[in-house]
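> Knowing the structure of chain A, use the given hints to seat chain B on it.
Residue numbers (our numbering), protein chains in the order written: chain A, 1 to 433; chain B, 1 to 433.
Honestly, the hints are just simulated from the structure, not real lab data. Each hint should be verified, as a subset may be incorrect.
For identical chains, the list gives no copy identity; a pair is met inside one copy or between any two copies.
Think about it this way: if two alpha-carbon atoms lie no more than 25 Å apart in a straight line, the pair counts; the simulated SDA-like pairs of lysine to any residue are [claimed, not checked]:
1) K274 - E185
2) K383 - G100
3) K383 - A55
4) K125 - T220
5) K125 - Q235
6) K274 - A173
7) K336 - A26
Protein chains: 2
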Amino acid sequence: MNAVNIGLLGLGTVGKGTATILERNAAEILRRAGVPVRVAGAVVRDVAAAQAWQADAGLSFPITSDGDALVADPDIDIICELVGGEEPALRWTQAALDAGKHVVTANKALIATHGDALFAKARSKGVGLRFEAGVAGGIPVIKALREGLSANRINWLAGIINGTGNFILSEMASHGREFADVLAEAQALGYAEADPTFDVEGIDAAHKLAILASIAFDTTVDFDALHIEGISSIQPEDVAYAAELGYRIKHLGVARRRDAGLELRVHPALIPEKRLLANVDGVMNAVVIHGDAVGPTLHYGPGAGAEPTGSAVVADIIDLVRGGAHPAGAGIDEPKALPVLTSAEFRCPFYLRLEASDRPGVMASVAGIFGDLEISLEAILQKEPSALDESSVPIILLTRDVDEACMRQATTRLEALDDVLSPVVTLRVETLD
Amino acid sequence: MNAVNIGLLGLGTVGKGTATILERNAAEILRRAGVPVRVAGAVVRDVAAAQAWQADAGLSFPITSDGDALVADPDIDIICELVGGEEPALRWTQAALDAGKHVVTANKALIATHGDALFAKARSKGVGLRFEAGVAGGIPVIKALREGLSANRINWLAGIINGTGNFILSEMASHGREFADVLAEAQALGYAEADPTFDVEGIDAAHKLAILASIAFDTTVDFDALHIEGISSIQPEDVAYAAELGYRIKHLGVARRRDAGLELRVHPALIPEKRLLANVDGVMNAVVIHGDAVGPTLHYGPGAGAEPTGSAVVADIIDLVRGGAHPAGAGIDEPKALPVLTSAEFRCPFYLRLEASDRPGVMASVAGIFGDLEISLEAILQKEPSALDESSVPIILLTRDVDEACMRQATTRLEALDDVLSPVVTLRVETLD
Numbered sequence: 001m002n003a004v005n006i007g008l009l010g011l012g013t014v015g016k017g018t019a020t021i022l023e024r025n026a027a028e029i030l031r032r033a034g035v036p037v038r039v040a041g042a043v044v045r046d047v048a049a050a051q052a053w054q055a056d057a058g059l060s061f062p063i064t065s066d067g068d069a070l071v072a073d074p075d076i077d078i079i080c081e082l083v084g085g086e087e088p089a090l091r092w093t094q095a096a097l098d099a100g101k102h103v104v105t106a107n108k109a110l111i112a113t114h115g116d117a118l119f120a121k122a123r124s125k126g127v128g129l130r131f132e133a134g135v136a137g138g139i140p141v142i143k144a145l146r147e148g149l150s151a152n153r154i155n156w157l158a159g160i161i162n163g164t165g166n167f168i169l170s171e172m173a174s175h176g177r178e179f180a181d182v183l184a185e186a187q188a189l190g191y192a193e194a195d196p197t198f199d200v201e202g203i204d205a206a207h208k209l210a211i212l213a214s215i216a217f218d219t220t221v222d223f224d225a226l227h228i229e230g231i232s233s234i235q236p237e238d239v240a241y242a243a244e245l246g247y248r249i250k251h252l253g254v255a256r257r258r259d260a261g262l263e264l265r266v267h268p269a270l271i272p273e274k275r276l277l278a279n280v281d282g283v284m285n286a287v288v289i290h291g292d293a294v295g296p297t298l299h300y301g302p303g304a305g306a307e308p309t310g311s312a313v314v315a316d317i318i319d320l321v322r323g324g325a326h327p328a329g330a331g332i333d334e335p336k337a338l339p340v341l342t343s344a345e346f347r348c349p350f351y352l353r354l355e356a357s358d359r360p361g362v363m364a365s366v367a368g369i370f371g372d373l374e375i376s377l378e379a380i381l382q383k384e385p386s387a388l389d390e391s392s393v394p395i396i397l398l399t400r401d402v403d404e405a406c407m408r409q410a411t412t413r414l415e416a417l418d419d420v421l422s423p424v425v426t427l428r429v430e431t432l433d
Numbered sequence: 001m002n003a004v005n006i007g008l009l010g011l012g013t014v015g016k017g018t019a020t021i022l023e024r025n026a027a028e029i030l031r032r033a034g035v036p037v038r039v040a041g042a043v044v045r046d047v048a049a050a051q052a053w054q055a056d057a058g059l060s061f062p063i064t065s066d067g068d069a070l071v072a073d074p075d076i077d078i079i080c081e082l083v084g085g086e087e088p089a090l091r092w093t094q095a096a097l098d099a100g101k102h103v104v105t106a107n108k109a110l111i112a113t114h115g116d117a118l119f120a121k122a123r124s125k126g127v128g129l130r131f132e133a134g135v136a137g138g139i140p141v142i143k144a145l146r147e148g149l150s151a152n153r154i155n156w157l158a159g160i161i162n163g164t165g166n167f168i169l170s171e172m173a174s175h176g177r178e179f180a181d182v183l184a185e186a187q188a189l190g191y192a193e194a195d196p197t198f199d200v201e202g203i204d205a206a207h208k209l210a211i212l213a214s215i216a217f218d219t220t221v222d223f224d225a226l227h228i229e230g231i232s233s234i235q236p237e238d239v240a241y242a243a244e245l246g247y248r249i250k251h252l253g254v255a256r257r258r259d260a261g262l263e264l265r266v267h268p269a270l271i272p273e274k275r276l277l278a279n280v281d282g283v284m285n286a287v288v289i290h291g292d293a294v295g296p297t298l299h300y301g302p303g304a305g306a307e308p309t310g311s312a313v314v315a316d317i318i319d320l321v322r323g324g325a326h327p328a329g330a331g332i333d334e335p336k337a338l339p340v341l342t343s344a345e346f347r348c349p350f351y352l353r354l355e356a357s358d359r360p361g362v363m364a365s366v367a368g369i370f371g372d373l374e375i376s377l378e379a380i381l382q383k384e385p386s387a388l389d390e391s392s393v394p395i396i397l398l399t400r401d402v403d404e405a406c407m408r409q410a411t412t413r414l415e416a417l418d419d420v421l422s423p424v425v426t427l428r429v430e431t432l433d
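Bound conformation, chain A alone (with noise of 0.2 Å):
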């Protein structure tokens, strides 16, 4: 029985993660596998300092800075690309499936701009290129939408897949707190980056909703297409607001398919705080997958950390010990392009607020408009004034669905009113219905 050689491509959070589960759960991956997996190499830019923690950890395999020999080693069966970013990674990427290797990625980057010409690569060379470990951490998401789902044709998916953003959200609702005051705790506990961008601009759940809907719905995606939205702006009273209406503000990332198009979308929303989805607080992920048979289903785990990730790299090895029959997987291997929606097309209900004068026929003014519209209102909230400024007044309302376009209609009049003083705060609702 030959041993399966792996080679990491990088000693970081989740090259380390990889290598102690490979390691501590030997025996258990053996039974599973069916033949023993073992690291075989990995290549880091220090190797004392990655020699230092092995000597910790009491691995041993061997350690190199040079990444392209790692690659062509004919005794490497399977790279694992954890090193992220651009370069080196597609590089190496592209040279180990050139040589017939399978490769493991966490780089949901690489995946969501360069898949489908990496996927042509490895159906060329009739290996294998998994990447579970890069949507969702530890949550087998990509196997439940691609194998566990595979009856179905899926409706639309909705996911928390951005842990950094989510910790965020669920401090600022469950203390009151500004955006900017958490972030600053959040880089300092190491939860965020120094330069947050990826994480709360959306880039990064863009990365992920664009591998989930090329699976979802079997079509190639252009990232370009992607309308993204972070959540930098969330102020406090919308938080508070949104509770007051029974709904949590989060981070979403959503993919619908319409029968125009695809609806692909990264914003925060309004979710009813009944739905698990608005439940799921701190750094953990979950996405909801509504298949036209099964219905919805909720997958829920920890979205990053060395052992979660390292869990999913791990499981994609074993797959790819256990079973070259399907290496690329299904629902990749011809991809066909739909149409991609722009915002101006979307459909949802919206919740809306702005400043208003304290005087009467306000409130007919804006409701009017929304009449006009034929726009339908599911709650209007008129709360007092506030302590700074007692002549205007704070309305809140909640549409029924509405066409985007339509309701930026209703936004531009209702900052065309005297009456109103603030531009409109608007956030769409996910109802995940």
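Okay, now just chain B, sitting in the frame of chain A:
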């Protein structure tokens, strides 16, 4: 490209769902399986009734009452055993495996009680025996456990795996209703059988738990070793007191690895209301799986119904068509028996309720027993005397982790107190830590 021919044993709820999905989603299934998948024959007791349904549904495939012939038919590639029960399901399954056909089954009782022999036969014939539909309906939880989390040593799992019981408990909690009253409604709605024993006494959940545990721990499970308690004795006041303490009562299947062996138990339990699992309501199912690398994951969805269950059957079919490499799957291939603990060896926190005389010193006597036995208390509630009997008061206690044998000593001593006027109600608490 040859079509794969499916033989359906049974055209009840699940059989109809399976046939409907295979027809409606034929294009998706072809893309994912790589070849066309079609129903080539179905076996029913009442051929005329099935043909009438088939005509209404716009389907056309041969329908017969001769199961033995269908199983022996060399044109059939995969048999779906969807008749349930012991016989003829067992005989047909054995015959199909003997004939070298893959089998997909939704029959949890068959797998829980005859699985070891059937898997051995499948292995010896080099064919697959799949049963995703047998546990938690449309949720791909068998796949998650066996493949998605294959890198992990599973520490424990806990699930709401009987929709009927969860519907009853959800209604009791949200409306303060009596068990018998909700059961009668569930029977009228078709959620509960005329004889509800299988569901409400935990037999159905135990079958599913036995299957989950056998995979999670790579072990054979003797069904008779499971500890099983139903929900028919749950009182509305316990639901209400649990809520006051911040808990919900759910009917759980729990499998937990301890140093001395496995806890395998089905019983009602208090769950902290902040846990997602505590918020799984109605007929929905959910399973939390805790792996050493990934931590906690939750898998949620419809646990029953024609198309949700059919979704799982068809996913198994697609897996078998795509990957013949590991037909019986890991975790079942070389099972070894692990010791199973008796209920006296379980360990968890407990909820207790008793009626005591409304006299000074009673609480001291009660608390003294817990002190003597070194059982830590998390909370104590002494309620107002009831309107019916002003001489007695309900006392509710919540313990920290305690050995169940020790807990029994406590209840024996409590019930021996002159001032304790009723048997002590005890319910386990599952914190999901």
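> Tell me, which hint numbers fail for this structure?
Numbers 2, 3 and 5, in rising order.
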